[in-house]
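S.K.: Each chain, letter by letter, is given below.
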Amino acid sequence: MPRPPTVGRFVRAVRGPVRPRPRLGARGTLALLLPLVSVTGLLVLAPPAAAADDVRTEEARVPSGSGADAVELDTTLFVPASAADEPAPAVVLAHGFGGSKQSVADDARDLADRGYVVLTYSARGFGRSTGQIGLDDPRYEIADLSTLIDLLADRDDVLLDGDGDPRVGVAGGSYGGALALLGAAYDDRIDAIAPQITWNSLTSALFPSQEGVEDSGTPAATPEGSDAGVYKRLWAGLFFGVGSAPGDGLLGALGGGDGAAAGAPLDPSSPDPSSADPSSADPAVVEQALTCGRFRADICAAYQSAAATGTLTPEIRAVLDRSSPARVLDRIHAPTLLVQGTQDSLFGLGQADANARGIAATGTPVKVVWYAGGHDTQADDRVTADLRDRVAGWFDFHLGGTGEDPGTGFEFPAPTGLGGGGVGTVQGGTQSVRAGTYPGLAGADPVQRTGVPVTGPTQPVVTPAGGTPAAITTVPGLGSLGAVLGGTAVEIPGQFAAFGSEPLDSAVEVVGAPTVELAVASPSGSATLFAKLYDAGPDGGLTLPSGLVAPLALTGLSSDPSAPTQVEVTLPGIVHRFEAGHTMRVVVSSTDQAFALPAEAAVYSVGLAGPGVDLSVPQVAGQVQTDAGTSRWWILLAVVAGLGLLGWGVATLWGRRRRRRVSAVEPDGEDVPLRFEGVTKAYKDGFVAVRDLSFEVRRGQVLGLLGPNGAGKTTSLRMLMGLIRPTEGRISIFGHAAGPGAPVLSRLGSFVEGTGLQPHLSGRDNLRLYWAATGRPDEDAHMDDAIAVAGLGSAIDRPVRRYSQGMRQRVAIAQAMLGLPDLLVLDEPTNGLDPPQIHAMREVLRSYAATGRTVIVSSHLLSEIEQTCSHVVVMAKGQKIAQGTVEEIVGTGGAVSIGLSDDAETDRAIAVLVALPGVTAGRTDEGLVADLDGVGRAAALQALVSAGIGVDEFTPRRRLEDAFLALVGESS
Amino acid sequence: MTLSEHVQPTGAVAGYRPERTLRLSVELRRQFKRRRTIGIFALMVALPLILIGALQLGGSEDAGDNARINLVDVATSSGLNFTLFVLFATTGFFLVVVFALCFGDSVASEAQWGSLRYTLATPVPRMRLLRQKWIAALVQSVGALLTLATVAVVAGGITFGFEDIQTPVGVTLDQREGLLRLVGMLGYLAVHLLVVGALAFWFSTITDAPLAAVGGAVFTMFVFAILDQVEQLGSIRDWFPTAQEYAWTDLLQTPVDSADLFRGVVQSLVYAAVFTALAFRHFARRDVTS
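Residue numbers (the working numbering), protein chains in the order written: chain A, -13 to 958; chain B, 37 to 326.
Keep in mind that the hints were calculated from the coordinates and are not lab data. Even for Gly, the Cβ is constructed at its ideal location relative to N, Cα and C. Treat the hints with care, as some may be off.
[To be verified] Taking CB as the label site, the calculated pair distances span:
no.	chain 1	residue 1	chain 2	residue 2	range
1	B	Arg72	A	Leu629	26 to 34 Å
2	A	Pro597	B	Leu85	47 to 55 Å
3	A	Arg788	B	Ala50	30 to 38 Å
4	A	Asp770	B	Arg65	19 to 27 Å
5	A	Lys670	B	Arg70	31 to 39 Å
6	A	Glu503	B	Phe258	53 to 61 Å
So that you can see chain B by itself, here it is in the shape it has in the complex (with noise of 0.2 Å):
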């Protein structure tokens, strides 16, 4: 048989076609194939199980003494509650991390397997490679949070009953409106930790150490958080990445005042595209020596 027999005119092997190179199934296997994902999963499944299992055994001695009004106290009054509860708890660090992991572990890992040569010289277009990385991560990261929402929902709900929201300022919103609300605020959290997780996919591609890719972006977003606090910086602190981050609760009003909501979302939209953007640019530039 001669060579150019099975050859394509581009060079390529016939049966090689760039567009069906690492397809968003394979990674996905790849990716579910690994203890860290099988990791994240199972915490997303047992955190709310856990914090069940602490309000059902901390007593309510205390409880009652807190004048300021929180969401601890609310959150065992029904499954939506409780779900919202453990929304809030985790905001500020939990998904920040799981984000950051995600996206932050996605090509550095490769590298440091030094697969990434391998998967390059498929070869992989690497703009092809950066993408199907990125959306493998995120459908990793928010389908964690998803989890982890389901799993409260689900578990809260047993345990709370399946009851309506009350909100802390007495306010009740049906379950119906109540999931729909719900629904909302997860999207509008997947948006906004697009932030940490754009970012950790940054520093993924420039280092070949996923830890730090992951500890970078963690490190950068509690700085920020940091920044937060310091009322001297006045204004400047609403154009942080960490800004509205929990905008997410004013769905609970009625009627929504979406205008946090709305610049949190844009302002979110805007740094995961510029992180994301550094990391195709660094990407196509890079010379891999993984």
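Just chain A, with the same shape it has in the complex (with noise of 0.2 Å):
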């Protein structure tokens, strides 16, 4: 079985598009922080491409920055050979949080291949990098690649914009995404960025709520909240505990998992922290290093000030606003790719949003791509493979001049129904829609909105004290934990307020982020809320798209259940089907498990804003990219009918050219009805069935074939009916050359080896088959003179199973004379048959003779032949021994051995018998022997009797028949 256990699972659906194999279960939860910890999640999943012997690369440790933040950066620099003669475009490839520059190894080579000179390098505090992270810090890491900038600015074979100036893009995922952000902000002579799957604020992406409408016209705009935010606690933890893990530690378990994820942090050579200055021995510098790892002091402050308190204070947000490219974004003018994932609870689609609108508010070129992946889950290798395309897309364009421009416009993966999220890019994956504008964006229409009604009471939400137990919505680098379990995700009863629409007329696509206006009551005025839109099936099942969900840290509330406070609230971006039956369904939670979550116990009210509340979704109409889906499909059609009319017209020229050939006939052909020329059959293991035989049957002639078993005689036969090629030779049938499939072969009738009755069938029904399958005409067949010949009565219709072997023998050489052949060839025909049928099947042969037509029967026994046959060929060994008429074979004219009753009237015999004219006659080893001569045998006996010799023997003289048994004994 190919896989038993697979039976009645339908894993295809839910597994992702590629095939039902436990790819993702077999990592395990190493998995949890692949995505994070590999550079452009994205791009290391696609196999490296074709090693380039063209592209060198250069090691190189460079230093950065002054003073106590002097670094070394280690880098490596893909050259290709055609940079040599013509300076090339510059990229620098920037990588993930927790990675290397081993982890873009693989796209750097890429994009060499492509004819740019790629800069890789491990940020500082990163790989064999020294210096302390700085979370993308513009006086630090944005430094670092100003400096980088200057190197490739200095090379031959980097393009020059201007002195000092190379034309230089910078792409990145996630840490390295917001890199190229900064950087593009902060040194203008960056002229590209691609910057993939990062954030926008990272305060907010940290500290998210959704609170309020962002009342922008993009379809994922998403509020950036106030003062207060929700702690995303779990990726947080994970976050900062890559980069602080003293040591490999952390990096090294987690890259066992997957060589993407391994980069030089595996490296047992790596610099450690602890062990990187001599001087640390100051019992504070070692605590601050097994805190903070290689984070620098005031990040470390902030993260732990933040996860111990799970509030934002303005310091953690100093810190953080530093690191985000949110305010410098009006100074990006290098034309920018921004590329988001759909199942992101990180870096939601709402970061990339607020980027876009930032960098476009001054006219820069922005094209946004929403793809099916992210940093919960990685994306499949064809949508890794096209994103790649995509990036060196931008940079042709905007870097090189040339390729198609691949112009400001908004691709987005194909809505589906599916929960998407942990359990793989799920279907719709490779399938994309294209819009020409990114709604909202400057100049373009805002994003068009549906207002789906929905209803429900208000409802009392309990939130537990010490926030547990909390909904399980979404695990950091798994995604929706939801679709793991099977589409639901876990909901704690009573914690959560529900809200349905009435089940959809019609599929609404949901592109974006949906919004809906709540009222909210809390007792301590504030409260933490979780909203989230499900996707509920007719059958009660409950999908929550890509696991998302949008907190609200909600301050200034009402009190009074019965006068609640009017929240607006931003759900978050997705994208996702919403079948035609199925019902939105918003619920909002108290708790959430990936969240900080209050301690204190409180009893919330949550209601909607008023009876008639609307849930507005965002809808983006666009060209769904079916160009490769449909036309490819007409191909294949197209190129496999082509194949067919191709071999349709080699098969009808062969066709032709070959009844020319088998039109060429001998002139004496109707007279000599088979010949054999030289013919010889060699096996490949060496041994000769037939050697050399030659013989000529002549019209009306029944020809006996006798020899021995193994003489040959029946690969003789093979190869005239076609099924063995001579090995030299050449068997002509009618003047035709013999050979499979020859159409001469239609004047043979035969019987060869085995009947080929078909057991099942009743006799008649084989002769009717086998008549049919010839293709000839029914009144051609002689159906009743060959039941005739079979002479079964009515076991004509009965099934052959029954048959006796004589039967079956009889209804086989009936077969062999259906259409009363030319030429008839039998092998052994009286095997099995009993004496008065051998003696009736003697008869037909010969009387079938008569008419003209011309019979080969093969035997080994002699008197067989002698009784049957006219001519005779025999043969031993696979060679013609002799050949003649049976007279001259069989007879040898006039010799008799005479027997008599008295052996003393010999010599008075032998009187009698000279007597004759012409005759002779004496005495030998084998008695009284006499040469009639032309006297006949009745008038020799007559003689003999009349002279009153009593006769007891008088049998002709064969002595041929002596030489054959010798051959046979000697063979056998």
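Join the two chains into one complex using the hints; note that each chain is given alone, in its own frame.
M.R.: What follows is the structure, given as structure tokens:
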């Protein structure tokens, strides 16, 4: 069984588009952090481009910064051979958090193959670079980037825009993406950027609060929150943990799960921060190294404060804001390709939306691409390869000035009704929808929003003390847990309020962040809530698209449940298709285990802001990219049809040629039904079954092929039937060359070794079907004659499997005689027949030949041949021994041996015989032998009897028989 | 009468035309008189009925415990759903065997009976014989597949109702759309299983034992299916003849992602063409000694 356990398990739809294989499970929990640590989470999965020999690499350690912040950056430069002749644009590839330059090596090689000089490096604090992590701090990491661009400007093989200004693009995912954005803001030498799955504001990513509605007209506009936010506990912990683990600890463990994540941190020689500085004997330094790892002290302090309190203090905000592109987007003038994932609970679509708005506000070209993947899920290989092409295409146009203009549009994965999330990039991952513009960006129409009425009473929502138990919707890195558990996220009863729509009349495809207005009251005036939009199927199945939730940190709420405060809420940005018949269900819960929750127990009251509240869902019309989808099927069809036509044409031509060839005929063909000329059949193993066999059969003859078993009789007959190809020589039937499928074979009827009858059919059906298979007219068959030959009577209608051997044999001979063939070939026809049947068969064959047709019979019995045939060919060991009429071979003219009843009368008998004209007689060892020489045997016998001599035996003498028997005896 | 009167220039007897030998209708008549063929079709009719019985009998106690989304859970929600379940259950083994049987048996069984030599000496040109056998095997196996699906749709519909398709993830396809997709799935399955068939057909021209041809093809497929489970082989597995075996389930998506389907079709066609070509090549040169 190929995969017995999968029978009945609909793995495909949930596992992803490739095949039901336990890919995810095998990686286990190690997969949790892969998207985080893998650098451009999207690029690493694709198989490395074919190793290009013409890309050479240069390793270098580049000093950057000054004073206490001076570091050495570990860099690798990929230089294509073509750059030596003509300076090429450069691309800096930045890695993701926890990675190193190794993690982008494959991407770098791919870009270098496309003709770019590619610089990869480990950011400070990562890999083999020294220094401490500053979270893309403009003073450190961004300054490092400028240092590296200086380096590129000095190279001869890099295209320059001006003195000290190379033509350079920056790409990277996550941490590297923010570096690209911030780099483009601070260093205007950067000519194009392609940041992927990165943040706009680290503050709003780690302390989100989606209260309010961002009125920008973009599909995924998400409020950045006010002073407060709900601390994204799990993600922040992972984020910090990767950078702070002393030495290789955490990463070493993680790296084992996937080579992609195994960058320099795995290398035992990579500098350990606790041992990097010999002066670290200072206990304070050691403590800092152990708790903060390679983080800068201020970042470490901010994290520790946030993790301990879960609140956003001004100090934390200052640190996070410094690392956020949000404030400096207006300084970016490099064309920007923003790639964001739909399966991303860390940096959601709202982050890219904010980036797009900020950059486009100054008129800078921005293209937005959403893909099925993100920090929660690695994209599948195809999506990855596609994105790789897209990034390269962006640089081709904006750096190299070649290729098609990628434009400033918007692409997103075609919405599906599946939850997505942790179970792989699910369906639709490879189909994308393309829209001309990103709605709401400068100049473009705002996104179209549709109102979907939702209803539901005001409900009490309990928040438990200590925040436990908590709803589980998302596990960082794994995405929607609900999808793993079969479509139901874990909601705790009593801790949520739900509001549903009517079942939808038609499917609604939501592209972006829906909004809804709630009314909330809290006794304390503040509330932490989590709003989400479920897809509820008609059978009650719930799907939480991408496992995303919108945290709300609400303050200043009414404490009176009868007069609640109205709150506008932006739900998470999603790409999801709500099928017809499904309902949209807004769920507001008080807990979510991925976030820091208030420790105090409370009961909130959550309702809709009014009876007629609409859920406002964004929709983006676009062109599903089906060009590859349907046209390739047509191409395939055309190719198949074309090949079919070609094959047909070739077959026709070949058939015509063949017909010309088989039409060549020997002039005496009709008189010589069969002619063997020097035919040899040697098998591959060296055995020669037939050697240099030549003979002719004339019309009207009954030819006997006589020889012991293994003499080559059957092989010869098979060659004549075209079943076996002779190694040498030529066989012609009625003057036409015999061979496989030669049309002249249609004048041949054959019965060779075995009846070939279908046992489940009756004799008559066998004959009928056989004739039908010849395709010849029914009236040519002479079916009744054949059935008469078989002589089975009513048994002809019984299934063949009940026949005796002799009956089968007769049916098979009858089959050979269907259509009254001009040449009838029978191999051992009388085997298994009883004497009367043998006698009848002889009569049939003789009378058949009398009609001018020719019969060939093979046998190992001399008497058989003698009694049936007119001519005989004797074979032994594959060779012809003798040939002639039966008379010649068997009887040798007139010699007879005579047995007398009384031996004393021998002399008298000799005298009587010799008295006849021309007769000689004498004694031999075998007794009396006489050569009659023209005198009839009857006359000689008459003479003896008249002379009163008693004759016991009077038989023709067979000289050949002795020789033949000797041969048979020798071979057997 | 003289013999030459009824002879064509090619040496053939009057009334003999190579292109009329072993017509498809004759070959099908030959095949459909066999118990093997009748047995296959009987099984195809019986299998859905047995499955219906099993689903009805099995009770629903344990069905709910299965946390994994699967096709069994929704098998009883409509006749079309049931059909999908039947296809899913039979793709891996049952249909493979049926295709292997129809193709693998075609030439080898004639050799075993000894009727092959008489057919060839008729003469049916070898290439034509093979072509007709191939087409007849295709008709039989696809016929079996269609019978299975038809019985499943009708019997399933009668038992579970002629309703829309419910996919395990809660997406609904209406009946018209569902039937259309079902046709697509059957088409895909037919093309994909053609690989097994062509392989068995090739074996069938090599051996005189039908069992060896059928068994050889099935065995080969299973070896690939087992190798398919070896993760270490990585993307090599995408080139296996068994790859994209379940790609037809992609047709349940909205919108349909046809990338795997396309790859599966192209790959299957190439494999089938190669195996078929090998069969023709071998048979054209072969000495028929059976």
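S.K.: Tell me, in ascending order, the numbers of any earlier hints that this structure violates.
M.R.: none
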